[in-house]
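Protein sequence lines, in the order shown, are assigned to chains D and X.
Start counting the first sequence at 0; every next residue gets the next number (numbering that gives the first Met the number 0).
Start counting the second sequence at 0; every next residue gets the next number (numbering that gives the first Met the number 0).
Some clues are possibly wrong.
Note that the list lumps identical chains together, so a pair holds whenever it fits in one copy or between two copies.
Unchecked claim - Computed list of lysine to aspartate or glutamate pairs in EDC-like fashion (alpha-carbon distance at most 20 Å, straight line):
id, residue 1, residue 2
1, LYS326, GLU512
2, LYS181, ASP208
3, LYS148, GLU542
4, LYS193, ASP227
5, LYS184, ASP606
6, LYS12, GLU229
7, LYS148, ASP345
8, LYS275, ASP555
9, LYS326, ASP493
10, LYS421, ASP606
11, LYS594, GLU567
12, LYS70, GLU567
13, LYS244, GLU211
14, LYS148, GLU364
15, LYS70, ASP227
16, LYS70, GLU207
17, LYS1, GLU316
18, LYS622, ASP345
19, LYS1, ASP283
20, LYS312, GLU268
21, LYS339, ASP606
Keep in mind the hints are simulated off the structure, nothing from the lab.
In case you want the letters, here they are:
There are 2 protein chains.
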Amino acid sequence: MKFNIIPKSEFDKVHKSNLSSVQKSELWALMCRYNSFVSIKKAGSGHIGSSFSAMDIVVYLYLNELNIHEKGLKSSDRDIYFSSKGHDVPGLYSVLFSFGIISEYDLMHLRRLGGLDGHPEIKTKGIEANTGSLGMGISKGRGFAIAKKHLGKDGHVFVLTGDGEFQEGQIYESLQSTAHQKIDKLTVIIDRNKFQTDRLVNNVNSIEDLKEKIESFGWAVRVCNGHDFEDISDSINWSKSIEGKPSLIIADTIKGKGISFIEETNIGENDEQMYKWHSGAPSDSHFTQGINELSNKISEFVSKNNLSEVEYKFVYESENIATLSKKEYITDAYGDELCKLAELRDDFIVIDADLSADCKLRNFERQYPSRFIENGIAEQDMVSMAGGIARMGLIPIVNSFASFLSSRANEQIYNNACEHTKIIYALHFSGMIPAGPGKSHQSVRDISLLGAIPNITIIQPANQIETRLALQFAINDSKENVALRMNIGPCPIDIEFPENYQFKIGTGTILKEGSDAVLFAYGPVMLAEALGAAEILHSFGFELCVINMPFLNRIDIGWLNRTCSKFELFYILEDHSVFGGLGDNLTNALINNWKISVKKIVKIGLDNYPECGQPFEVLNHHKLDAKSIASRIIGGDYNIFSDRSIAYSDEAPQ
Amino acid sequence: MKFNIIPKSEFDKVHKSNLSSVQKSELWALMCRYNSFVSIKKAGSGHIGSSFSAMDIVVYLYLNELNIHEKGLKSSDRDIYFSSKGHDVPGLYSVLFSFGIISEYDLMHLRRLGGLDGHPEIKTKGIEANTGSLGMGISKGRGFAIAKKHLGKDGHVFVLTGDGEFQEGQIYESLQSTAHQKIDKLTVIIDRNKFQTDRLVNNVNSIEDLKEKIESFGWAVRVCNGHDFEDISDSINWSKSIEGKPSLIIADTIKGKGISFIEETNIGENDEQMYKWHSGAPSDSHFTQGINELSNKISEFVSKNNLSEVEYKFVYESENIATLSKKEYITDAYGDELCKLAELRDDFIVIDADLSADCKLRNFERQYPSRFIENGIAEQDMVSMAGGIARMGLIPIVNSFASFLSSRANEQIYNNACEHTKIIYALHFSGMIPAGPGKSHQSVRDISLLGAIPNITIIQPANQIETRLALQFAINDSKENVALRMNIGPCPIDIEFPENYQFKIGTGTILKEGSDAVLFAYGPVMLAEALGAAEILHSFGFELCVINMPFLNRIDIGWLNRTCSKFELFYILEDHSVFGGLGDNLTNALINNWKISVKKIVKIGLDNYPECGQPFEVLNHHKLDAKSIASRIIGGDYNIFSDRSIAYSDEAPQ
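Same shape as in the complex, but just chain D (with noise of 0.2 Å):
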């Protein structure tokens, strides 16, 4: 597939052009959602809906308000605007890119290593904050706007967040004592576009009536068209004559304005309105029909003012960027165990954070509505909630992200689990990959973010069956919390247990036999590089032993003891921190277990945040792919060998 941009030099001339401010205003939009949409297909993911309903405002800041265009990105006294939820930031870099800021390479290399994160990165020129996580953005504002007042500067800060974001709590925080220190040169704008991921928001935990709520904190609060300039205009310049009280906007918008069909909604079960263009990239066909969309409303536009056609630049062709093809999806085992389950017991209860769909519980939530809780994105109140469920003898599952679960919810995770009761946290997008989102969404901490409560498993399954496994064993056997670490994208290969296989706390299964050391892996991503990397030791006549290790932190020191007394080399991969995962478990198992002796242990894992892009560069870039475990085992160089045949797919979530 071949792809077309809007060069720089074309959004020069509409600078340059006789049009009046809102008329360049609606063409810059315009031709912006056109390279947004490009980007967002070359990528293979990315948020369209939310890039385009919050793009409009965005121009207008860019093109008509920030000072930056004067001032300089550098400078104290510049203006600050930045996306507190993140996700839309497709929309942004390609207004970036619009002035010149960011350049054609990068708009074209969106969740590449190298390019453009998918999430906003401060490394990338223009971005003012790293964000990813909700409801940091006000809070984060602030913090400017009294930096700026105690140095001194000038520059007004502009924050925007979505509607789904008021569902969390440190919004609500940052509201209170924004008003109550008085910040006033900081204005917050709502893209009120109404749906979260699929849902409407007024749907899955009602955050009506924003306005009288926001007012009742001590704001001045107005209510726009953010798809009308003149009335953001208004609003804006309203907003910041507003003295000795902060000031917000709640633009109301349309997801996926500019591109018909990505307007529509649809009709769900229960007759409800569903949205299904948060995230992830078009179709070719639904690409080429929203590109023509939009160059035809250029062409009318351009046409109707008198102006020249816009003239497009091709780019690149589609690079096939290799992609998985019937591969088996951990968590699609997970809620088809949940539902079976379900009909052999009902004393569970499945909660989650507007993730239903990522975290494949939608047949559930259908199969036992009165058993489903959508609690919204409320991590905290999600878990203390829990919290008390379980207090009266019910097994709450609590679904999110494990980078927001594990953080976000961990003084909740603590204190439900100091009262001894039993609850299941499923941790989904756990690990690194898919990259794509960026490091706010890649897990990588989460191990060590549980790790130092005293009474949580934690399992990392390695295919389907061990999912299903793992669930029972959490809702049948355990008797403590189960933290279960699921990877969320297509597994890269099978990983087919041998014959013998057995699920039992703190064992694990030999997947490749070898005798010269012992790798542990654990999770599908890992095991197969492992897997790979011991293909490519065999061949230098070195036999690595793999063992697949689900329980990341309660080793039973009997099997460790029958299984690894022949070895003195072990090394322990993860695509989690060095710091605080399985590496430090067996480290500490091993070393104080006479039975072995240890000539070496090495953790193979991430120091550092984890990058952004397509699993194979990403994997490659912290040496984690199979050739650079190889390499690092024996040493040498593997480039002489062609590339391994692991594919990927980037399916990029939230």
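Position chain X relative to chain D; hints supplied.
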């Protein structure tokens, strides 16, 4: 000092009397205040102000409302009451005692090992939820209500909250979701005593207009006088009549209600109204004054109502728990050094979450008001605000208790860190001691919670000298974030440094030479035990080298080699979980260091939840005291030794 309590039999007399329901409640509450005051005095710490402001509400519920007396505490149909703030639990204990739910022994062993925890713990009969970390109560209460509905069980859920708690974001998450989920078997009562710690809530971070605010979240709200039993009764009945939405009672109360001088406030600097009885035990003379006032009120009440005199029971003599005199506080040096450094550079900002006095920030606050932000109990907001401030080139110094800051704001700390700015996190009340407040406050996970963030140096100083140097390093020298882990209590001994002492990243200091084994420890509490162990071992001819290691996650391998190459036996002592502390970091440094021949590495730390109690009993319970350590190192029974001379004061914050 001698203590009298009012025995349960006296409450039974009141119960059988002909007093009206309101009169019974009044007398009961007076008698419970009496016992509560005694238990706090005996314990040496506890929260009087909040126990007394909530007392009338709690007495009303247990005497007139809760069905637990008929249904029993194990019935799934029972009504549930718990306090979300939790620190008012001495008041609740006296009520539980009055109904015979807890024993006289328990009541007289507040904050003692095997007695009653400083914050609610469900191991105590009658306690429904572990609380103490603020803001979780409404969420948890909803969980109880949802589970009851699922199970088809009866019973109403009552949750008491503080007013300062309404600065925590989770409160608003729970207001929103509880209304959305139409939970109506839940009544929330705010103990609106107007003060948080020592300042007016509305001066710290105003929560007004509270009624309007809560109503905007879809709740039914009613204001009542929290010391008027008829009004309380009417309000509870009103609340239970509300259908289809949750209801909340704002109970207007007086902090310390019941003893005149404990109700009093005084005028502090800037004409600010201050409250001084939030926590801590009264002096002997204050105790006598207060207890006389209560017994006089009781006498007057019974004589006015023609009842027989209440008979007191002599219970215990004061045990004279050893307290320290003139020992230094780490945080005194911290507070003082902050002021000194502020004279030299004006690019740092000090931020607090309602613990200014405990964190010894009051002098800084006075001297540099424009560089101090009191952000209230809103840790997540505080940390993200610091992130914004740091992005403008200033250095924020963020203060709170370690257990709250490292967990509640964990995702925000990670988010800031990945922007590669520099922020200093002052983790007060680190470690297990003082052990009176209980496991919500004792911080034994903080190193593990920050350890997987690549760019945070974690330091714990051993004494005042090292505290100043650590703060200087953090502000002047460090290129990355610093977490300063500080003890909050008085240092049990003065840790003296050798002449060649240096504060250098990754290195430690030999405090006692020895050749038989080496023990690493940090912070004044554990170093005192380490040195005590070395002394015991010396008398056995075993020479233990003791090293103070303030850098908990940065180890200078060259220094380690030079210092430790002669050792084969390594011990690491910490009042932190054995998971993710210095122990794991040193283990990794040692096992990958082939210049050192390691025979044994033993981590001596916590492998379970920290117990509540006096320091000496809790250290002993967890085998972290000098004798247990010595015993672990060379075996044998050290009970033949007389108690060692280290004495602790359990000065218990929050």
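Identify every previously stated hint that the structure contradicts and give their numbers, smallest first. Numbers 1, 3, 5, 6, 8, 12, 15, 16, 18, 20, 21 - these are the hints that the structure violates, sorted from lowest upward.
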